[in-house]
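Please model the complete structure; the sequences and the hints are all you need to start from.
Under full-length UniProt numbering, the residue at position 40 of the sequence shown is numbered 40, and the numbers go up by one with no gaps.
Hints may contain errors.
[Claimed, not checked] Here are the simulated DSBU-like pairs of lysine-lysine, each with C-alpha atoms no more than 35 Å apart in a straight line:
1. Lys74 <-> Lys49
2. Lys49 <-> Lys26
3. Lys49 <-> Lys25
4. Lys74 <-> Lys26
What the hints contain is simulated information worked out from the structure, not anything from laboratory work.
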Amino acid sequence: MMLSRAKPAVGGTPPPGDKRRKKGKKVPQLEELLAQRDFTGAIALLEFKRHVGEQEEDADLWIGYSAFHLGDYKRALEGWNQWNHTRKGSVMEW
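Below, the structure written as structure tokens:
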């Protein structure tokens, strides 16, 4: 018997991606990702929210924070600077 013919090419079961949707898997929140130290996931979530127009107030700050912990210091500084410029007053002004 040929191994490629051990299972039929078409089956009646739904693809694995559909099973996950049926379980009602929720999108993780930023706080959960940061608590799990999933900084890549946090950046992805924040950038997605920015792209669809649901940007949080301190998104740039959290992107900078996450980038810093991933070792991307240039991006961390850019995120902090963007956050600082969007505020009414500068943090550096004493």
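Evaluation of the provided hints:
Straight-line distance between C-alpha atoms of lysine 74 and lysine 49 comes to about 22 Å, which keeps the hinted pair within the 35 Å bound. Taking the CA atoms of lysine 49 and lysine 26, the gap is about 15 Å. The hint holds against a cut of 35 Å. About 18 Å separates the Cα atoms of lysine 49 and lysine 25, which keeps this hinted pair within 35 Å; it holds. Distance check on the hinted pair: lysine 74 and lysine 26 sit about 32 Å apart at the alpha-carbon level, within 35 Å; holds.
In the structure shown, no violation is registered for any of the earlier numbered hints.
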